[in-house]
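> If you read the sequences in order, they're chains A and B. The opening position of the first sequence corresponds to residue 2 in my numbering, with each subsequent residue numbered one higher. The opening position of the second sequence corresponds to residue 2 in my numbering, with each subsequent residue numbered one higher.
Treat the hints as calculated values from the structure; they're not laboratory data. Some hints here could point you the wrong way.
A pair counts as met if it fits within one copy or between any two copies, since identical chains are not told apart.
Here are the computed lysine-lysine pairs in the BS3-like style, where the Cα-Cα straight-line distance is at most 30 Å [said to hold, decoys possible]:
#, residue 1, residue 2
1, K254, K313
2, K115, K289
3, K289, K9
4, K166, K254
There are 2 protein chains.
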Amino acid sequence: MTAPSQLKNDRFLRALLREPVDMTPVWMMRQAGRYLPEYRATRTQAGNFLTLCKTPELACEVTLQPLERFPLDAAILFSDILTIPDAMGLGLYFSEGEGPRFKHPLRTAADIAKLGVPDPHQALRYVVDAVSLIRRELNGRVPLIGFSGSPWTLATYMVEGGGTKNFRQVKGLMFDQPALMEQLLEVVAQAVMVYLNAQIQAGAQAVMIFDTWGGVLSGRDYQAFSLRYMQHIIDGLQRENEGRRVPVILFTKDGGTWLEQMADTGCDALGLDWTCDLGTARQRVGDKVALQGNMDPCILYAQPERIRAEVKDILARYGTGNGHVFNLGHGIHPEVDPEHAGVFVDAVHEFSRVYHT
Amino acid sequence: MTAPSQLKNDRFLRALLREPVDMTPVWMMRQAGRYLPEYRATRTQAGNFLTLCKTPELACEVTLQPLERFPLDAAILFSDILTIPDAMGLGLYFSEGEGPRFKHPLRTAADIAKLGVPDPHQALRYVVDAVSLIRRELNGRVPLIGFSGSPWTLATYMVEGGGTKNFRQVKGLMFDQPALMEQLLEVVAQAVMVYLNAQIQAGAQAVMIFDTWGGVLSGRDYQAFSLRYMQHIIDGLQRENEGRRVPVILFTKDGGTWLEQMADTGCDALGLDWTCDLGTARQRVGDKVALQGNMDPCILYAQPERIRAEVKDILARYGTGNGHVFNLGHGIHPEVDPEHAGVFVDAVHEFSRVYHT
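My request is simple: use the sequences and hints to build the entire structure.
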């Protein structure tokens, strides 16, 4: 493993800690994904998505693919957010066109009582191995981001048995049996904490918590059933490794009204979707956290000149000074032309230099 | 038609104008809907959803069904938001499990140039007739709400050809050809304005604009491509009829960060989803507008005592004084037990009296 001092590009880690950089670092959520033909080829070779996630060599391969094309400032572990419930025995599978499903969704108090915290070196060993392998293959080129779904987000899938529009089961549980819901969230939070620490120890240089479904809650319920458990995780994370701080990024999709509370968790940075204004968000959080975001991923459908104009606009909204990591406000869409992604990444570097003199 | 003075229950209209009431009025978005067995029976009788919408007698029947069960303070016209594009010739149909689709989505500048403003007394006559019939059948019991989708929301379906998750076509158009998008939004806004005025003239005593998809835009794009055209509509609406003001309610799902701008359009009330706190929202809009909302519809999955507690909580968040119409933050879900809806309506009346003394 490369020593931390040998990291060739640490712009991303510096920006997360609001330290000076030469230009604004950039990466894209879901940068290793279906918009890349080479990703689709590896996925075909793997046979299915889950095998791709569970085979460290293949996960490493697709993690590195976007870095071969674009001068990205970070790599992110290729994995799925539902690895933890799978390791808990719920039986993750993917049905064509329907997304992720569980063979054994949680239906009763007994189902929840049975859940244990998976040992990341056993049932989740393929993830830890992928992190080690990717770090070795990256060879200090850019930092590696580890990640997990948030407890609320994972619990949503575990209780519903898959994706949902109406949140029938999980909100029924939350409103009718809050103590049981809390019991579930506690064990999941513990599992996420142990899992992220294992990723950090294997070489993840920053970690991100994806709260995909926090935004479907009221402010009161977000605080009680999502943010509270992300706070537990942050409190238990190993925040330093290899002589360097391991920054934590918190991202609640559609969480724009709760930035102040999120910033108070002790995380290092917030992920922002495009529905909040970056300048206003910066004023609201002050110098508590860095901000990561927040271009509408649909801008990548547009022609290069429009993409470049949007990058300029977002850089201007953040303004001068430290603490901005450029990203999309959500994962890159499968329909995007990879050349447009390249235009985006180059534009961030080109137009951001003036903000860092 | 009953003269306005003969309206037996005008609590809803008074609250929208921030006038004193004896208790907080309540209705439910999608109150005439699939959660009611009598609705499902009428729909089966109609054969399909579109026939139900296009047959004034059946639309009237289902509009009145929830009023037979619950002491609701308003009726809302039963219709679909996509009647206007259908009348423009796009060919609305519903495919099982896939939701609404158009036979002729807008694909080119020529498609958009061809669009005209439908005469509401021709292609949309079934809606106007339904409004007249419902008013007659209501016989002054409660006011009738007319409605339309917002221009941005209608344009989304018209360009995509149906529902969408990634907004590939419509955001591509918006970002690459904003002038063409504006041309589309202008004609749709004009059509909505004419349509709502026809509903008002036929007897709708309040109107609501549903901006289902405004929340997928950045603040800048919401202002330019959604709010601006809702403003055009509000500017052109007939605001008085039968000697009484016709209040306008503006509802952008996931629009909680833009309440101030929405309140500045000259509408009378804002619809709120459950992700914004009602007390904070009230402080933000001051005495410019009334507020309608905002219980998470998933609370209706819970047991009666939990529903009653939530109603109490929301009433307390709004506090004393005028200007609150109680509602769900989104349409009632099909899985909800109708008895729970009844508990909800009764609880609003029971617990709100103390706030109106």
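> Are the hints correct? Go through all of them and say.
Do the hints match the structure? See the list:
no.	hint	in the structure
1	K254 to K313	both (23 Å within a copy, 29 Å between copies)
2	K115 to K289	neither (39 Å within a copy, 53 Å between copies)
3	K289 to K9	within (27 Å within a copy, 56 Å between copies)
4	K166 to K254	both (15 Å within a copy, 15 Å between copies)
In this structure, the one hint that does not hold is number 2.
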